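Q: Kindly generate the complete structure, drawing on both the sequences and the hints.
Here is what each chain is made of, one letter per residue.
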Amino acid sequence: MATEVLMPALSPTMEEGTLAKWLVKEGDAVKSGQILAEIETDKATMEFEAVDEGIIGKLLIAEGTAGVKVNTPIAVLVEDGESVSDTPAPKVAEAVMAAAEAPASVSAQAAAPAPAPVVAAKGWPHADLPEGPTKTMTVREALREAMAEEMRRDPNVFLMGEEVGEYQGAYKISQGLLDEFGAKRVVDTPITEHGFAGIAVGASWGGLRPIVEFMTFNFAMQAIDHIINSAAKTLYMSGGQMGSPMVFRGPNGAAARVGAQHSQDYAAWYAAIPGLKVCMPYSAADAKGLLKAAIRDPNPVIFLENEILYGRSFEVPTDPDFTIPFGKASVMREGTDVTLVSFGIGVAHALASAEELAKDGISAEVINLRTLRPIDYDTVLASVQKTNRCVTVEEGFPVGSIGDHLASTIMQRAFDYLDAPVITCTGKDVPMPYAANLEKFALITPAEITAAVKSVCYR
Amino acid sequence: MAAKKPAERPNASKDELLKYYREMLLIRRFEEKAGQLYGMGLIGGFCHLYIGQEAVVVGLEAAAKEGDKRVTSYRDHGHMLACGMDPKGVMAELTGRIGGYSKGKGGSMHMFSKEKHFYGGHGIVGAQVPLGAGLAFADKYLGNDNVTFTYFGDGAANQGQVYETYNMAQLWNLPVIFVIENNGYAMGTSVKRSTKSPSLWERGAAYGIKGEAVDGMDVLAVKAAGEKAVAACRAGEGPYILEMMTYRYRGHSMSDPAKYRTREEVEKMRSEKDAIEHVRDLLLQGGLASDDDLKAIDKEIKAQVNESAEFSKDSPEPPVEELWTDIYA
Ligand SMILES: Cc1ncc(C[n+]2csc(CCOP(=O)(O)OP(=O)(O)O)c2C)c(N)n1
Ligand SMILES: [Mg+2]
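Chains as they are written, first to last, in the UniProt record's numbering: chain F, 1 to 459; chain D, 1 to 329.
Treat the hints as calculated values from the structure; they're not laboratory data.
Everything numeric in this text was worked out from a predicted model, so none of it was measured.
A few of these clues could be false.
[Stated by the list, open to error] As a list, the in silico DSS-like pairs of lysine-lysine whose alpha-carbon atoms are at most 27 angstroms apart: (1) F/K31 <-> D/K268; (2) F/K172 <-> D/K259; (3) F/K440 <-> D/K65; (4) D/K259 <-> F/K69; (5) F/K69 <-> D/K313; (6) F/K184 <-> D/K14; (7) D/K114 <-> F/K31; (8) F/K454 <-> F/K428; (9) F/K31 <-> D/K196; (10) D/K116 <-> D/K65; (11) D/K302 <-> F/K21; (12) D/K259 <-> F/K184; (13) D/K65 <-> D/K268; (14) F/K31 <-> D/K192; (15) D/K114 <-> D/K140; (16) F/K386 <-> F/K328; (17) D/K192 <-> D/K210; (18) D/K228 <-> D/K210; (19) D/K259 <-> F/K25; (20) F/K58 <-> F/K25; (21) F/K172 <-> D/K192; (22) F/K233 <-> F/K359; (23) F/K454 <-> F/K440; (24) D/K116 <-> D/K268; (25) D/K196 <-> F/K25; (26) F/K58 <-> F/K31; (27) D/K192 <-> F/K184; (28) D/K210 <-> D/K14; (29) D/K302 <-> F/K31; (30) D/K140 <-> F/K21.
[What the hints assert, rightly or not] Not close to chain D: a few residues of chain F, all C-beta gaps over 12 angstroms, as computed: (31) Y167; (32) P190; (33) G243; (34) G400; (35) M411.
[Unchecked claim] Using C-beta positions, here's what the derived DEER-type ranges look like: (36) F/G206 <-> D/L142: 42 to 52 angstroms; (37) D/L288 <-> F/S32: 19 to 29 angstroms; (38) F/G206 <-> D/S197: 40 to 50 angstroms.
Note that CB positions come from ideal geometry on N, CA and C, so glycine has one too.
A: Rendered as C-alpha cells:
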C-alpha cells in the first residue's frame, strides 16, 4: 500500500517550513532512518529521516518550496512492485499556495494563539518610529544586529551563555557572532547558570560589559540570587561606588506546549526589584532599540524576549544610532473608548482584540509599555484620562501582576477619571499545563480581552 | 569506544538475555513511534528520545528490587518503561491526553508514578540530583534498605547543586546511586568542551564517594556494576557513582540540527556498539534463541507499541476542569 510522507513538525513552534533539498529521487529504495530531505525552519536546517521502508513513488513538493505546512504530504512511498500510479492524487497544492500568498511580514513561525498583526502601512503600528529609512526584519535579526553593532562599538561588550557560540544559539539569536567576534567575546559556558551569572557580575565590576544569554528565563531561576543580590543591589550597598553594567537576556514566557517548568513569564518578578531595569519588547524595532540601550546602560538590565515573536517581522529604522529610551511607552493604536495596556507578546493580543472591538464600534487605544522598570506612568495616565477605562493584558500569573500595579497606580492618580474598575487580563492562576486544549485555556487570549473591554464599556 | 566484541560466552542465562532484549527493544520501538507521532504533530513541545541508551536503564533495573526508587531528567521515557510503567499511559501523556500518567498535564518531560516509585521527569538540568538524594534521605530515616537511582547527564554533571549534593550524601551516608549517563553531549556541547576533568565519576573522590566508569552499551556490564553499587548502598556504605559511557543516536530533542557531530560518528556507534544488537548476537551465536524466536519478540513488541500509540490517540483530551485541579493537596 502506498503511504504518504508528511511534512514533519521539527520544533515546538514550527507550523511550516522550506523543503530545502531532496536527498532521494523517485524510484530510490529507502530504509528506515535514511535521510530523505533537508528541511529549513527559521531556526535551523534539519535532516528529515524516513520512518518506514519503501520506494519513493513520487516527490510531491519540489525542492526549494517555502511555506510548506506541517502534515502536508511531500512524497509517496510505495512497496516493491507497486506502481506509482496507484498512489493517491496529491492534495497539497492548496496548502502550499495559501502559505505562499501570506504577506511576508507575517512570520513563518507564528504559533501564537492570536494571529500576528500584519504590519500594514509603514508608520502604523509604529507611529512613533523616528523619521528616516526603515527595513523589514524579524525580532531575531533585530536582536542579533543590536548585539553585533554594540560589540563593534565597544570592545568590552561580550556575550556568554549556553550554546551561544559553536551551536550558533539555541534559538539562533547569536548566529554568526562567533565567526565575527571570536571565542574571546562569544563565550560558550557549561550548564551552570548560577556560576556563570556570578562570573558575569564579577566581570562587570572588573570593567567589562557582559551580555548573559539564558537559554530561557526559566533557567535564570538557578541564577536569580546573583541577578538580585549581586547585580541589582551592589550600587546601593557600595554607596554608589560600583554598579553592574550588564544585560541578562533570553526568551521568557510560554513557547508552545513546553510544560510547567519551561513556560513561566517573569516580568512581574524582575519588575519588583529596585536596582534592576526591565525591558520586554514586542516588535523588532523595540527589540533593536531597547537592546542597544540596555547594553549601553550603566545598570543591570533584564531583557525579556519571547520565542513566538522571534520569527515575526516588523519595520526597523536603519539608523545605527537608533535606540529607545527606557520609560517611554509606545502608543500602537489610538482610540477613545478604552485603554489597553500591555507589553511583550501581550501587545499582539491587545492589537488583535482592538481590531475585533473596532468592528463593534469600540475604539481602543493600545499602549505598549516596552519597559517595566521604569514604567511610563504618564502615557498610561494621560490615555486613561481620555478614555476613562482601562484593561491591562499580560501573560504572567494574576497575583502581584504588572496589571495589579497599574490598576493601583491608576486608582491612586486618576480615580476621578475612571468610569469602570480596571480589569487585569492575565494568564490563569495555574502551572502551565502540557495538554494542547488546557494550554489554550491557561493562556490569555484576544477573546478574553475583548470580553473584558465590553464589560468595562458596559456593553 | 572499542570495536564490536566477538560474542563471548555470556555470563547470563537465556531467560535473562531474552528479558533484556525484550525490554531494550520495547524502549527503542516506543521511542521511534514517539518520534513519528511528534512529526505528525500529535506530540508537541520538547520531546527527548532515549534511543541508543537503552542498556543503562534496563541493566540497572535488573539490579533493583521492589521499593527502590528512581528519578531522572526530561529524557525519561526509557526509565519509565524499564521500571514497569505502562507504555499506554506514557504515550498518552506524550499526546497530552487524560489517559496519560499526569492526565496530560505534565507532558514528555514531567511524568511520575508513585506506584512504580518513579519520581519524574524533571526539566531543569541537574535539579533531580538533590531530589534523588532526598528520596534516599527519607529511606534512611525510615530505616528500610531501599536505594534511589538518581540519573543525570554529562551536562548536568557541571551544575553546582550536584556537588552540594555529593557532599551531603557522603556526609550522611545516603543510599543513593548517582548514575551519570555520559552520552558525550549536552545538547550541542561535547564533554570535552564543557570540562577539563578527565572523567566525571572521579569528581566524587573529592567528597570521598566511591565510583567507576561502566560500558553503558553493554547491559551485562551495567547490571554487574549496578549490583555492586546497590550492595554497597544497602549495606549502609552509600552513596556510589556510576558513570555510564553511552551514546544518543538521535538529536538532543526533536529540533536539534545536530551540526556538532558527524553522521559517521553516529553510524559507527550504531554499527559497532549497539546494545540491542549486542544481546541479539549473544542470543543467536550462543544458540540460545533462533532468528524466528527473536522475530516473534519483535512482532510482539511492535504490537504493544502500536497499541500504546492507538491508545494515545483515542484517549480524550483532559476536560477543562482539569486546568484547576491538583494545584493544592
Ligand atoms: C538549568 C537548565 N539549563 C539549561 C537547560 C536547557 N537544556 C536542556 S537539556 C540540556 C542539555 C543537558 O545535557 P545532559 O545533562 O548531558 O543530558 P542529555 O540531554 O544528554 O541526556 C540543556 C542545556 C535546562 N533545561 N535547564
Ligand atoms: Mg549528555
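Q: Against this structure, judge whether each hint is valid.
A: Results for each hint:
1. F/K31 <-> D/K268: OK: F/K31 and D/K268 at ~17 angstroms, within 27 angstroms.
2. F/K172 <-> D/K259: holds (13 angstroms)
3. F/K440 <-> D/K65: Answer violated: F/K440 to D/K65 is near 42 angstroms, above 27 angstroms.
4. D/K259 <-> F/K69: Within the cut-off at roughly 24 angstroms; holds.
5. F/K69 <-> D/K313: holds (21 angstroms)
6. F/K184 <-> D/K14: Violated, at roughly 56 angstroms.
7. D/K114 <-> F/K31: violated (40 angstroms)
8. F/K454 <-> F/K428: holds (20 angstroms)
9. F/K31 <-> D/K196: Since the Cα atoms of F/K31 and D/K196 sit roughly 40 angstroms apart, the hinted pair is violated (cutoff 27 angstroms).
10. D/K116 <-> D/K65: Judged against 27 angstroms, a Cα distance of about 11 angstroms means the pair holds.
11. D/K302 <-> F/K21: violated (32 angstroms)
12. D/K259 <-> F/K184: The given pair, whose Cα atoms are some 22 angstroms apart, holds under the 27 angstroms limit.
13. D/K65 <-> D/K268: Roughly 35 angstroms separates the two Cα atoms, so the pair is violated.
14. F/K31 <-> D/K192: Judged against 27 angstroms, a Cα distance of about 33 angstroms means the pair is violated.
15. D/K114 <-> D/K140: holds (18 angstroms)
16. F/K386 <-> F/K328: holds (19 angstroms)
17. D/K192 <-> D/K210: Distance of about 23 angstroms is within 27 angstroms: holds.
18. D/K228 <-> D/K210: holds (11 angstroms)
19. D/K259 <-> F/K25: holds (24 angstroms)
20. F/K58 <-> F/K25: With a Cα-Cα distance of about 8 angstroms, the restraint between F/K58 and F/K25 holds, given a limit of 27 angstroms.
21. F/K172 <-> D/K192: The given pair, whose Cα atoms are some 23 angstroms apart, holds under the 27 angstroms limit.
22. F/K233 <-> F/K359: Not satisfied, since the Cα-Cα distance of roughly 49 angstroms exceeds 27 angstroms.
23. F/K454 <-> F/K440: The given pair, whose Cα atoms are some 21 angstroms apart, holds under the 27 angstroms limit.
24. D/K116 <-> D/K268: violated (36 angstroms)
25. D/K196 <-> F/K25: The given pair, whose Cα atoms are some 46 angstroms apart, is violated under the 27 angstroms limit.
26. F/K58 <-> F/K31: holds (16 angstroms)
27. D/K192 <-> F/K184: Holds, at about 18 angstroms.
28. D/K210 <-> D/K14: violated (32 angstroms)
29. D/K302 <-> F/K31: Satisfied, since the Cα-Cα distance of roughly 17 angstroms is no more than 27 angstroms.
30. D/K140 <-> F/K21: violated (58 angstroms)
31. Y167: violated (4 angstroms)
32. P190: violated (4 angstroms)
33. G243: Holds, since 25 angstroms exceeds 12 angstroms.
34. G400: holds (17 angstroms)
35. M411: holds (29 angstroms)
36. F/G206 <-> D/L142: 42 to 52 angstroms: holds (50 angstroms)
37. D/L288 <-> F/S32: 19 to 29 angstroms: holds (27 angstroms)
38. F/G206 <-> D/S197: 40 to 50 angstroms: About 26 angstroms separates the Cβ atoms of F/G206 and D/S197, which means 40 to 50 angstroms is violated.
Of the numbered hints given earlier, the model fails hints 3, 6, 7, 9, 11, 13, 14, 22, 24, 25, 28, 30, 31, 32, 38; all others are met.
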